[in-house]
Amino acid sequence: MLVLLPPSEGKAAPQAGAPVELERLSLPGLTGARHKALTALVELCAGDAERAAEVLGLSKGLRGEVGKNAALLTAGARPAGEVYTGVLFDNLGLAKLDDAAYARAERSLLVFSGLWGAVRIGDRIPPYRCSMGVKLPPLGALGPYWRGVLDGALPEVADGLVLDLRSSAYAAAWKPAGALAGRTVTVRVLQEREVDGVLKRSVVSHFNKATKGRLVRDLLAAGLEPAAPGELVDALEQLGHRVEVSARGTERKPWQLDVVVTDVH
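Under numbering that gives the first Met the number 0, the first residue of the sequence shown is numbered 0, with each subsequent residue one higher.
Keep in mind that the hints were calculated from the coordinates and are not lab data.
Hints may be right or wrong, so weigh each one.
The calculated PhoX-like cross-link candidates involving lysine-lysine, where the alpha carbons are at most 20 angstroms apart (straight line), are [to be verified]:
1) Lys67 to Lys35
2) Lys10 to Lys59
3) Lys95 to Lys174
4) Lys95 to Lys10
5) Lys134 to Lys67
6) Lys35 to Lys134
7) Lys174 to Lys67
Predicted model, so just to flag it, every value in this text is computed and none were measured.
Build the full structure now, drawing on both the sequences and the hints.
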């Protein structure tokens, strides 16, 4: 099973240590594209700080991220699973997994990134600020920039079930195609509550990330590695989640599962 995750906007604080070594990251087919993206981001942020902040979509309170980006070539790197923070990763709780579950996480989790394309949680990277929606000169919009490169690299590692939990911006950077699409599952989180005596459902946003983090944590902790969409449904129900198939996949179309919750936290 391969689990596709979005990154977090927030990152752990920088720390001392050896800098990133691009040639040691997973998915070596992305190395050249990573080098170009990293060089472009560093050069942008080492120049006009106001322009860099505008390009990166940073508020005044985040202008300090420009200086951090300018120093990425020498900044200390740490495992990506420690760099990414935020709601999804807090609920995934990588640091609390036992050794066997963490090893499964290292094999199965792939975090998408506007700067790195995609990384595994054990890949050592520095904290950075560059979302997939950025138009990074001279590369242009990062979604299209990464799409062709990822098309060549990801099918090689996606040889089984693909659980796609990415947000729309990161999903646009790579879409499983052909037979691979048919063994891909996307997840929508719905809250069910009673309103004036009638049960109603609505799509949740912020708590969508928390639920997805818990789904992955539960699968990893239980040692369940489903090989097909139907097995994933059974596994999640076995773990106590309420799951409904809202769209069955075909040879070229992903499955969609609805995870129904009553409390959002």
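Query - Satisfaction of hint between Lys35 and Lys67, Cα-Cα up to 20 angstroms - result: holds (18 angstroms)
Query raised in the report: Is Lys95 within 20 angstroms of Lys10, Cα to Cα?
Result: Distance ~18 angstroms between Lys95 and Lys10 Cα, so the pair holds.
Requested in this report: Take the C-alpha atoms of Lys35 and Lys134, compute the straight-line distance between them, and say whether it is at most 20 angstroms.
Outcome: holds (14 angstroms)
**Report entry** Proposed proximity, Lys174 with Lys95 (alpha carbon, max 20 angstroms)
**Finding:** violated (31 angstroms)
Report task. Would you check the hint for Lys10 and Lys59, treating anything up to 20 angstroms between C-alpha atoms as holding? Result -> With Cα atoms ~18 angstroms apart, Lys10 and Lys59 stay inside 20 angstroms; holds.
Query raised in the report: Under the criterion that the straight-line Cα-Cα distance not exceed 20 angstroms, is the pair Lys134, Lys67 satisfied?
Result: holds (19 angstroms)
Query raised in the report: Taken at face value, is the distance from the CA of Lys67 to the CA of Lys174 at most 20 angstroms?
Result: Violated, because 31 angstroms separates the two Cα atoms, which is more than 20 angstroms.
When each numbered hint is compared with the structure, violations occur for hints 3, 7.
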